[in-house]
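Line by line, the protein sequences give chains A and B. Residue numbering for the first sequence is 172 to 516, as defined by my numbering. Residue numbering for the second sequence is 13 to 364, as defined by my numbering.
Derived by calculation from the structure, the hints in this document are not laboratory data. Treat the numbers as computed from the prediction; the structure is a model and nothing was measured. Where is the CB? At the ideal position from N, CA and C, for every residue including glycine. Hints should not be assumed to be uniformly reliable.
[Stated by the list, open to error] Simulated restraints, written as ranges between beta carbons of each label pair:
no.	chain 1	residue 1	chain 2	residue 2	range
1	B	Gln25	A	Ser424	20 to 30 Å
2	B	Arg315	A	Trp344	56 to 66 Å
3	A	Ser424	B	Gly90	24 to 34 Å
4	A	Gln222	B	Ala216	48 to 58 Å
[Stated by the list, open to error] What the simulated footprint calls covered on chain B by chain A, stretch by stretch (three residues with Cβ under 8 Å from a Cβ of chain A suffice, anywhere in the stretch; the number is not a length):
no.	region
5	102-110
6	118-127
7	133-144
[Claimed, not checked] Here are some chain A residues the structure puts well away from chain B; computed CB gaps all over 12 Å:
no.	residue
8	Thr226
9	Leu321
10	Thr337
11	Phe357
The primary structure of each chain is shown beneath.
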Amino acid sequence: MFNLDDVPVNSAESPKTALTLSSEPLLQGQSNNNFLRGGTVPQYLIKRTGQAVFTLFCVLTFAFILGRATGKPAGLLLPDNATAAEVDALNGALGFNEPLHVQYLTYLGNVLRGDFGNSYRQRESALALIAERLPATFELAFWSFLLGLLLAVLAATAIQLTGSRTLRSLFIWGGSLRHSVPDFFFALLAVLLFSVALGMLPSLGRTSPASLVLPVLTIATGQFVLYVRLIDAALSDQASQDYVRTAFSKGQSRARVLFSHMLPNSVLPVLTMAGLNLGSLLGGTVVVEAVFAWPGLGQVLTEAVSQRDFPIVQAGLLVVALIFVTVNLAVDLLAAKIDPRVSLA
Amino acid sequence: MSTTYPGPLLSVQDLTIEVAGDDGPVRLVDGVTFEVHQDEVFALVGESGSGKSLTVLAIMDLLPPGVRIASGRILFRGRDLARLPESEMRRLRGKDLAMVFQDPMSALNPLQRVGRQLAEAVRLHASGLNRRQTADKVHSLLAAVGVPDPEGRAASYPHQWSGGMRQRAMIAMAMAHDPGLLIADEPTTALDVTVQAEVMDVLAEARRRAGSAMILITHDLGLVAEAADRVAVMYSGRVVETADVHRLFTSPAHPYTAGLLASILGEGTAGGRAFAIPGAPPAAAERPAGCAFQPRCHLGSGRDECTTARPVLTLLPTPPADADGPAPFAGPAAACHFAGESTLNLLKGQPA
Chain A
172 MFNLDDVPVN SAESPKTALT LSSEPLLQGQ SNNNFLRGGT VPQYLIKRTG QAVFTLFCVL
232 TFAFILGRAT GKPAGLLLPD NATAAEVDAL NGALGFNEPL HVQYLTYLGN VLRGDFGNSY
292 RQRESALALI AERLPATFEL AFWSFLLGLL LAVLAATAIQ LTGSRTLRSL FIWGGSLRHS
352 VPDFFFALLA VLLFSVALGM LPSLGRTSPA SLVLPVLTIA TGQFVLYVRL IDAALSDQAS
412 QDYVRTAFSK GQSRARVLFS HMLPNSVLPV LTMAGLNLGS LLGGTVVVEA VFAWPGLGQV
472 LTEAVSQRDF PIVQAGLLVV ALIFVTVNLA VDLLAAKIDP RVSLA
Chain B
13 MSTTYPGPLL SVQDLTIEVA GDDGPVRLVD GVTFEVHQDE VFALVGESGS GKSLTVLAIM
73 DLLPPGVRIA SGRILFRGRD LARLPESEMR RLRGKDLAMV FQDPMSALNP LQRVGRQLAE
133 AVRLHASGLN RRQTADKVHS LLAAVGVPDP EGRAASYPHQ WSGGMRQRAM IAMAMAHDPG
193 LLIADEPTTA LDVTVQAEVM DVLAEARRRA GSAMILITHD LGLVAEAADR VAVMYSGRVV
253 ETADVHRLFT SPAHPYTAGL LASILGEGTA GGRAFAIPGA PPAAAERPAG CAFQPRCHLG
313 SGRDECTTAR PVLTLLPTPP ADADGPAPFA GPAAACHFAG ESTLNLLKGQ PA
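Construct the entire structure; sequences and hints are all you get.
This is how it looks when you write it as structure tokens:
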């Protein structure tokens, strides 16, 4: 007697991908509907690139509008005792005294030439300043994402293999508890314990691989419960599918059914959500970067916003948007690769 | 594994299956007893919810979570499957016991190529095979059930197969190791009417070639008459009548069996109204104390015995002249206090 899942299936809706399932069963068709051979991928990529360009254009425009709505930057750039004439002169030099539509068109024109301007403060190329922050952000995002997902897969697998409700409650309760503690507070506690009291790990900066541990731990444990719930729901849903019963009827063991059938088939519902999460991590984690003085995108962007350093804000937002669009495209391509029924359209 | 076990291949004895309900356990299958012999086709007939599928899932030890065997024995070649450890059971499943499910659209993993899923079944009980040999075996299994271009088909995904073809693949999978007992749970119900007969032929042929006994679950009495040797009729979790096909169709002893037969559409009903047994079967939790069929029965109305005492499956007198066809293994039996009484009226189209 096996009780793969004696808890009612979590009815979490699996997130829908933007792709369509081909509902029409092919009768006796000899066509191999693998999308890679269908010749649709180039067309699909062209279409998606067009959509991406439009998205990026919107982001640029919003960045411009929001930036201008907060006022002109010279007041913050000059010392407190600067005269009104000095402020006005600097604003003029930066182009802020032109009519708005002229500013906008100049800005768009420059961006199209790849010129985001120089940072008002550092007097260096804004794009270069953003680019030099990317490795730190990517490093943090990648390891946090991987660790959070890995822990969640292990936990969900353990729940399914043991069929234990206690284990499920334990993981979800513990994960929710962690999730309900704000990241900055958890981060401070971790610093107090591991850096101050035990002196095991560095608390600030990005100086050695050990500097990664605390920020990664903070983000990964925070995301853990989201993934556990998602994967557990997906696995429980798979457990009640007919094809799983078929696999058991062949004499397959519970562990093998879990690893060779249920887990791969649970990837699809998890993929979309995980992609969105990875995208937002890659866009910089403001709070965690601030607490650990991690020199990433989030840090440079918050600084730039508070200083009205518009070139950096605009370049940064465009890069973040580009990352998001790319990750989402990758997720959709991956979904089509995994599920033969998905047609790219 | 001896294939020459002297007793019946499968002997289900007083099998009771329960699920936890709000007011204690509910008996979904209540004291079911039957035997399946070497090389015979045994049909399990009854309405939806009568416990047919649960009974065979219990044989396979594939009951859904929360549903459990409360008592009874399932002797397969003398071994009690209900008490076999999972590791032992796994060695039987897919090898000596195989099952074809109702809905071929969902019974295959949508994300794996069909060939890989058959290979899984092949390799599980034949560890010595290499890649090439496994692939050859898969292709020959598919060819044997009439799948054209087995090599090409094996490399495609289930959604590229039609329903009838998928069910052929399921049959091929079940026959991978020539099982002693093949269980087919409404194998054609989910298919287009046009391919039902084809798939049934494929199933019958595959069974004959492997020399397997088969339990065929269906509510299609036409199919029973065509394909089965013996029949058990189930009603509300109990076997109400069991007999060889000929006897069941010509002289049903239980009023429920008679009602089922009378409700078949045929020449007699053309242009007129089809016969239907009045009422609906009771829910498992609300099964009456006496005979479960009593509220719907034309024999049972007003008879105390039917409302108070549960009728047990009792051997029926066999007319000595009944000698065509192979000798029945077990005599016909019915669970009715008034078995045989006036059931023939129903068959003549005169519901009492």
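Going down the list of hints, with the structure as the test:
1. Gln25(B) / Ser424(A): 20 to 30 Å: 29 Å, holds
2. Arg315(B) / Trp344(A): 56 to 66 Å: Because 58 Å falls inside the window, the suggested range holds.
3. Ser424(A) / Gly90(B): 24 to 34 Å: 25 Å, holds
4. Gln222(A) / Ala216(B): 48 to 58 Å: 55 Å, holds
5. 102-110: Coverage by chain A holds for the region 102-110 of chain B (7 residues, Cβ < 8 Å).
6. 118-127: Holds: 7 residues of the region 118-127 of chain B have a Cβ under 8 Å from chain A.
7. 133-144: holds (count 3)
8. Thr226: Nearest chain B Cβ is 30 Å from Thr226(A), so the label holds.
9. Leu321: 22 Å, holds
10. Thr337: 16 Å, holds
11. Phe357: 36 Å, holds
The earlier numbered hints are all upheld by this structure, with none contradicted.
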